[in-house]
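Peer 1: Read off the chains here:
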Amino acid sequence: MAGPDEHLTQLRKGSLQLAVLALLASEPRYGFDIVEALAAHPGLDVNAGTIYPLLTRLKNAGLVETTWQESPLGPPRKYYRLSAAGTAELAAQRAAWDQLAATMTALLAGTAR
Amino acid sequence: MKPPLTSADAYVAAVARELRMPGASRRAALDDLRSTLADLVREGQPDAVAALGPASAYAAALNEDADAQPRLFGLPNSFGPGIGRRIAATFDPADDHVIIPRVYGGGWTLNAGAVAARLGLLNPDDLDDEIAAEAVEGPGRLAPLVAAVPSVVALALAARAARRGGVPLFDLLARAGVPLVSLGLAGLAATSGFGPRERLAMPGVAAMVGSAAVGANLPADASPRRAAPTLAAIGVGMALSFALKVLPLRAAVAARVLRG
Numbered sequence: 001m002a003g004p005d006e007h008l009t010q011l012r013k014g015s016l017q018l019a020v021l022a023l024l025a026s027e028p029r030y031g032f033d034i035v036e037a038l039a040a041h042p043g044l045d046v047n048a049g050t051i052y053p054l055l056t057r058l059k060n061a062g063l064v065e066t067t068w069q070e071s072p073l074g075p076p077r078k079y080y081r082l083s084a085a086g087t088a089e090l091a092a093q094r095a096a097w098d099q100l101a102a103t104m105t106a107l108l109a110g111t112a113r
Numbered sequence: 114m115k116p117p118l119t120s121a122d123a124y125v126a127a128v129a130r131e132l133r134m135p136g137a138s139r140r141a142a143l144d145d146l147r148s149t150l151a152d153l154v155r156e157g158q159p160d161a162v163a164a165l166g167p168a169s170a171y172a173a174a175l176n177e178d179a180d181a182q183p184r185l186f187g188l189p190n191s192f193g194p195g196i197g198r199r200i201a202a203t204f205d206p207a208d209d210h211v212i213i214p215r216v217y218g219g220g221w222t223l224n225a226g227a228v229a230a231r232l233g234l235l236n237p238d239d240l241d242d243e244i245a246a247e248a249v250e251g252p253g254r255l256a257p258l259v260a261a262v263p264s265v266v267a268l269a270l271a272a273r274a275a276r277r278g279g280v281p282l283f284d285l286l287a288r289a290g291v292p293l294v295s296l297g298l299a300g301l302a303a304t305s306g307f308g309p310r311e312r313l314a315m316p317g318v319a320a321m322v323g324s325a326a327v328g329a330n331l332p333a334d335a336s337p338r339r340a341a342p343t344l345a346a347i348g349v350g351m352a353l354s355f356a357l358k359v360l361p362l363r364a365a366v367a368a369r370v371l372r373g
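One line per chain: the protein sequences are A and B, in this order.
Heads up: the first sequence begins at 1 in the numbering used here, then just goes up one per residue.
Heads up: the second sequence begins at 114 in the numbering used here, then just goes up one per residue.
Chain A extracted, bound-state conformation (with noise of 0.2 Å):
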């Protein structure tokens, strides 16, 4: 049997695009930034190995766009807003979310704690 942190895992997996595209919906932000935007919320704190990639395979699938500038502190960093495609791809994703959402609270709801 999986422990705590292995249903997080699992569960975290499918959501974490999800998570990302809804940070880049309200400011553009770059790579470590939303590394530490998602370890402030709990459960979603995966190490930055996760990350990069997954920003990297949004940017070649046109689901954020880039543009570099200065950084006070190492080379200069890459900033990520959402595409319209982006946008549209965080929509659908929302409402799948919703309803998977509202089908497992009520699937759950019916079966002892």
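For the record, the hints were derived by calculation from the structure and aren't laboratory data.
Be aware that one or more of the hints could be misleading.
[Said to hold, decoys possible] Only part of the chain B face toward chain A is listed, based on derived beta-carbon distances under 7 Å:
no., residue
1, Thr119
2, Gly233
3, Leu235
4, Asp238
5, Asp241
6, Val366
7, Arg369
Built from N, CA and C at the ideal position, the CB exists for glycine as well.
Given the structure of chain A, go ahead and fit chain B onto it with the hints provided.
Peer 2: The following block gives chain B in isolation, referenced to the frame of chain A:
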């Protein structure tokens, strides 16, 4: 006469086209898929193919399992298909592993991207297809030419050894064969046959292999003094390989910052 092609056959063929596994594991995966489809039909599933979802997704799931590195006596071994992917892996700042399986053959190599990110020369998320294309077409245009230099030197050394004579033919073929491969790799980096991330990493790999070939073509024996030039050639190769991967990307990023 062959039986008519069913949609199950077409599905298996579509998965096979996108499957990256080699040899026996590939045959086993495709056999599993055929028997799964047959089971679904036996169980009365009206459309067995639809039940499995898109062929590309099915192949992707199998590829994900297969991407676990094959090992032989504990050593990672990389002889199968997917050489472009393994070349790109030698320059992947988003992967925080510094030591990764070799591009070809058994053992390990360095991920220059992880090293550059740890040294603060790049951010882990700097490299994507778009900036890689800009780096390859812009500041990295000269990289294949520079990368070819060690291979040409190694070939010249092999030619000199051949002229002098006394070197067994098999030895000469090995001395010339390796730099010919690295020269070919540097040439491929200048063509558009591969993706931008492969092309960005290729000159560095070619320079490393070419420099190692220079080292192997230099006179050396067991004494440390005679081995020094060989070790120096390998050291130069490592530095050149690192620079040929990192500098074009850094220059492309700098150009982007300037453009705003």
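Peer 1: Under the criterion of a CB-CB separation shorter than 7 Å, is B/Arg369 in contact with chain A as hinted?
Peer 2: Since the shortest Cβ distance to chain A is 4 Å, the answer is holds.
Peer 1: Let's test the interface hint: is any C-beta of chain A closer than 7 Å to that of B/Thr119?
Peer 2: violated (33 Å)
Peer 1: Restraint: B/Asp238 near chain A, CB-CB cut 7 Å. Satisfied or not?
Peer 2: At 4 Å from the nearest chain A Cβ, B/Asp238 passes the 7 Å test, so the hint holds.
Peer 1: Taking 7 Å as the limit, does the beta-carbon of B/Val366 come near enough to a beta-carbon in chain A?
Peer 2: holds (6 Å)
Peer 1: The hint names B/Gly233 as touching chain A; please verify it with the least Cβ-Cβ distance against 7 Å.
Peer 2: With Cβ-Cβ at 5 Å, under 7 Å, it holds.
Peer 1: Holds or violated: is there a CB of chain A closer than 7 Å to the CB of B/Leu235?
Peer 2: Constraint on B/Leu235 satisfied, holds at 6 Å.
Peer 1: Do the numbers back the hint for B/Asp241, that is, is its least Cβ distance to chain A under 7 Å?
Peer 2: holds (4 Å)
Checked against the numbered hints above, the structure breaks only hint 1 and satisfies the rest.
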